[in-house]
Structures are given as structure tokens and as C-alpha cells.
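A.B. asks: Could you slot chain B onto chain W? The hints should help.
Protein chains in written order, with the UniProt record's numbering: chain W, 1 to 362; chain B, 1 to 362.
Keep in mind the hints are simulated off the structure, nothing from the lab.
Derived CB-CB ranges, DEER-like: (1) B:Gln170 - W:Asp217: 38 to 46 Å; (2) B:Arg195 - W:Ile270: 41 to 49 Å; (3) W:Ser335 - B:Glu34: 13 to 21 Å; (4) W:Thr341 - B:Ser113: 43 to 51 Å; (5) B:Ile12 - W:Leu295: 49 to 57 Å; (6) W:Asp217 - B:Pro303: 49 to 57 Å; (7) W:Thr331 - B:Glu162: 45 to 53 Å; (8) B:Ile12 - W:Gly55: 46 to 54 Å; (9) B:Gly222 - W:His164: 34 to 42 Å; (10) B:Thr166 - W:Thr331: 51 to 59 Å.
Calculated Cβ distances over 12 Å to all of chain W for the following chain B residues: (11) Gly175; (12) Glu199; (13) Leu216; (14) Ser252; (15) Asp263; (16) Glu269; (17) Leu271; (18) Leu295; (19) Thr333; (20) Glu347.
The beta-carbon is built from N, C-alpha and C at its ideal position, and this holds for glycine as well.
2 protein chains.
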Amino acid sequence: MPIDSISCPIPIEQYPQVLLAHGGGGKLMHQLIEQMFGRLFQSEDRHHHDAAVLGVPPGRLALTTDSYVVHPLFFPGGDIGSLAVYGTVNDLAMAGARPLYLSTSFILEEGLSMTTLWQVVQSMQQAAHQADVQIVTGDTKVVERGKGDGVFINTAGVGIIEHHQTIHPQSIQPGDLVILNGDLGRHGMAVLAEREGLEFESEIKSDSAPLNHVVLDLFAHGVELHCMRDLTRGGLASALNEIALATGVAISLDETCIPIREDVQGACEILGFDPLYVANEGRFIAFVPPQSVDLALARLNAPLSFPLSGQSDTHPQMRHQHPAQVIGQVTTTTSPRVTLTNRLGVERIVDFLSGEQLPRIC
Amino acid sequence: MPIDSISCPIPIEQYPQVLLAHGGGGKLMHQLIEQMFGRLFQSEDRHHHDAAVLGVPPGRLALTTDSYVVHPLFFPGGDIGSLAVYGTVNDLAMAGARPLYLSTSFILEEGLSMTTLWQVVQSMQQAAHQADVQIVTGDTKVVERGKGDGVFINTAGVGIIEHHQTIHPQSIQPGDLVILNGDLGRHGMAVLAEREGLEFESEIKSDSAPLNHVVLDLFAHGVELHCMRDLTRGGLASALNEIALATGVAISLDETCIPIREDVQGACEILGFDPLYVANEGRFIAFVPPQSVDLALARLNAPLSFPLSGQSDTHPQMRHQHPAQVIGQVTTTTSPRVTLTNRLGVERIVDFLSGEQLPRIC
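Next comes chain W alone, as it looks inside the complex (with noise of 0.2 Å):
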């Protein structure tokens, strides 16, 4: 994402990095908040209460959070900024909510560039304006050199639902479809590569993208929809396990229609990684009754417009996107799982993974 070459206003030749006073509640730390927080983020009333005042319209209510711990800092397609405005509005959207208003919170490790922290900060402004959500509230600590890495960003997101729709993993049937609405995979690697200082032959971009546009357009045309879940920590294989577990059906899938580019399948091969298990953060299922699932897929693979003012850049959710398109079904059984059968018919199970696959991949 562009970062504009708005310069950083904070005296940079004075603080070019965070010191422990920018977080001592003293005459820095209110620079900081005033100068740089204040600058981008829409609180009208940042500096006058410890809380935001909201005016919001009448539904149900929802509430989510995600720290970001995310390493490196910066990856092709995103940084730990715009990750973490999209994270939770997607976390938001996955439960049939519009995202209104985020809180942030920064821990910033003593010695962290100050520069840094500006392209950080201006890269939450540019996304929460894509993203149409406001960022009302925050809070910043400094840690120790040693005590911290760098940057971790907490974003806690409050949505409303509109509509009258049950989503929810109980809300699934057998004989619901299931949906995803591109390829999988990028965002894992995207991080590990840059982590590791690993060159493919082509560069391999995050798929980080607001959800929260699709699926409100989704409720608009009158889809109905019984569950949604973003493909974040563990891939699409954990998502599908959590759902099994939860609801004790069963998910079957055809690994023929599961889009993975061949980038990403060659780095996972290499890697030893199984790109049904890696981090995505554009990417989303959704089960559907069979009578839905056209309407569905029309919306999904349909160009997206939304109402952003001064918006002239193609929709990062609309890039380098595989259509939307059935993977799988619901079907009963007598335990709950997870299957995919290959290119060969032959069917195996999916389980939950045992250990870490990639450590702090957002």
C-alpha cells in the first residue's frame, strides 16, 4: 500500500526514535498522542476523555478484538497497520455486522524508529478510510529495549447488525455449501518470505483486504447466510475443524475446486508447509443454503463499488483475485470432521494441527 510522503510531525532530528517518556503520561506522550494519533485518527474528542461518546444506531451489538504481534513489520501487500484495521473488521463482518468504530492501542519497544511508527500509523489511517470504519479511542506504552519487538498493535472493533439473520455455526444445515471467495495461502507466505529473506520468481503479495464491503453487499442482495469464517491463524483446514467441533457435522471438500496459486503452492512445497493450514486475511468462507449459493456467487464475483469518497484505487479485495466458487458441503455424520477428497477421489481426513505452523503471522 502507498504510504503518503506526508512528513512525520514529530521533530524526527529531536526524537528519531520512541523513548520510555513517550509513554510516561508526561509532556511527551501527549505530543505524540496530539501530534501524530491525533493528526490521522477521527476522534473529534481524542484528548478530552479516556473513552469515545457514540452515537449508534439501534441492533444488535458486536464486540471483537486481536493484538498484532505480526513479524516483520512491513511485507508485500500490507504492514502490521493495515493488518490490524482489516483483522478486526473482518472479525466483525464474519459476524453479519457493519464495522463502526475501532479502539487502538500501541506497545512500542524504546528505541523504535519514529518514522517507523508514522508509516505505521499513516498506513491504519489509509486503511480504516478503506475500510470505512472510524478509529475513535487508543492508548500507547513503551516498553524496555529487549522487552518488546519493535511495534505490537491491539484494535478492538464495535459493529452493528442490521438485518435479521442468525450467523452463527449453529445456524448450519446439512446440505449447506460451502463458499470461498478466493485463492488461499498468500498472506502466510508473503510474511514467511520476507521473514526469511526468501525470493520466489515471482513476488508473492498478502491477500490483506477488507472483508466487511462483500459481505454487507451480500446481506443487501438478500443472501442468506449461515456462518462465516475468516481464514486467519491455521488456514482454512483449522476454521473448518473449529466449525466441525462446534456444531458436529460434517465438512467434505473438493480439493479440485480450491484455488491456490502455483507461486504459493511451489513455496509451500518447498517450505514443507500445507497451504490448507497457512494464514490468509482477505479470504472467507461462507455456508450457504443450496437455494442461495447462485445469488451468492453472482455478488461475490461481481465488481465491487462502495461508497468511499475520493476513492479512485481498484478495491484491494478485487486484486489478483481467483473467483468465488463452492469448495465443499455439509453432510451428517456420527463425529464431526473434516474431509478432502483429491484429484485421484481418493478422500482423506483433515484434523487440526498439533504444533505451530508460523509463528506470529499477524
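C.D. replies: For chain B alone, kept in the frame of chain W given last:
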């Protein structure tokens, strides 16, 4: 705070420490969330959604967040877990809101003792019970050894504003009196003493406590309030300076009315701190018009009863409590400032601190 001796739900002979895999999205993370966090937090729906879906009564909504990096994790009168609950609850209370829901997010360092984590989680649960809020959604990340410091906790809080008062610095009027609800400086000194292994004549305990019950009691009794602020990082002096700067008023304090315990005063003198700048976690100031002051003081100094089932303890807010009293007044001025008149009648300016005073006290 006494911690129930419920044994750790994660088998500690097998997992005595947190592993990177506890944050990896696989089996171990699933187990940690299900068996530890899920056992104590009240979400009905924790593993089904990445967001909690909540019923909220009508009213304006308040949203706040704080990350907690206090070092050490346990200190006299509290720990990072209770602090993470009370701190965020108090931010909501200061906005005049009734705290309803918290999110919580952990950044764990690989190698953290599983028993330590369990103690912190139990403390959060007890604190949430004391404060009468529900922890409804969460997240867990694990970073490599040496890239964090045991555990950092973020909480975000949602509350509802049920009254029609505008609690805001802009509501402050010349003539308003400033009420302080107790003695200053205990939290910062308690944490510092524990961190540095200092021993004073008597143990100084943190004043950490939830403030929502006392604040909601003020609203329930019709006390007119213009603004409130809790006195955390930067202490009383920084809070008043922020308010003076935001509103353009002058605030004059009477030093003889500001209660500071002898042991706290002594510790501050030995260590070179000014208690006006030391952090508190259960103290706040209220800006109150003259006609409401008597009622406010009466309510703040009345024994507090609040509807918690099975509550036998004295409320922590009531322990070792100096009475609430008026410590100053708002006056008009040509330039915003905070002044203090001492025991000898000499007036001095109380400014922002330039550097850090005490890092990592919250």
C-alpha cells in the same frame, strides 16, 4: 486479592510454560482458549465467533481501550489481571458510562509459566465479578522468548450512558469545585517498591479498585457532575493540566486538602518523586458545581452497597480509604494553568512533567 486455589486447567506437568504453539492456531491454542480462558470468562459463545454479539440497552455508547504492561506482574494490592479490568472499567466510568462488556487480548512471551498465566486469568475473572462486567471476547498471541515480557494484556470496554448529563471537560464552569475521592500515590509507589525490592516501614498497597459503582451511585442520587478523570499515569498533576489545556480554565489547588499517607510521602521523598505526579488506580477527580458538592461528598463517603450476588468482601474501594474532599476550584484566567497553594500560603505552578516519571506502572 486472594486467588482461589482452583488447579490450573492446563496439565502443567506437560505444559509448564507457554509455547509458541499456544498462539499458532492449532490444537494447543484451541486447548488454551477452551480450557483456561473459556472456563473463567462469561462468553456464551467464545469459540463460535471471532466477535461477540451483544444486547445493549438504548443510550449513547462509550468505547475505550488500554494495554497493560505493568512490571512486575504482581504487586501489593493487585496484579496485571485485576488492573486490566479495573483500569478499563474506570475509563468508562469517567465518561459517565455503565461498563457492560470487556474484550481481552493477551500477548504472551514464550516460556511464561502456565501457573502464572492461570493466576492472572483468575484475577481478571474475580475483578470482572467485582466490577460487574462481562468479559465476552478475546484473543491470544505468543511471541518468541525475549520479544515480550511475560504477559501484556489489552482490554477494551463498552459501556452505556444512561443519564442525560454531558460529562466532558467543556462542561466545566468557573466556580466548579474539584473533589478527590481519597489519598494519592499508592499505586505507583506499591509497584515501584515491588519492582526494586524496596521495603518501607509498612507495606504500601496499590489503591487499584473499580470506580464504576461509586460513580453510578452519584448519578443515581442526582448529583450534577461536569467532568471526571481518573488519576493514572502522570497522576493528579497531569490530569489537571490536560483538562486546563483542553478547556482554557485555571485550576487552583489547596495542598492542605490533598491526602497523602505518611508512608507514601516518605517513600516519595526518599526516591525523589512528587506524589502529585504518581499514578493511582482507584482515585479520580470530579468537577462539581457548588450546589451539588455536599450531596456528592455525602455519597462518596457513604458505605457503598451494590448488587453483587455472593459478595462478602468489603469493596476494595472502601479499604484504607481517606474521605473524599474538595481539593480545589476552577477559576477564570487569561491562560490555562494549574496552581497549588501550600501550607505556608505560597502559590506555585504545577506543570506537565517533561520526561517519564515511572515507566510501566500500568
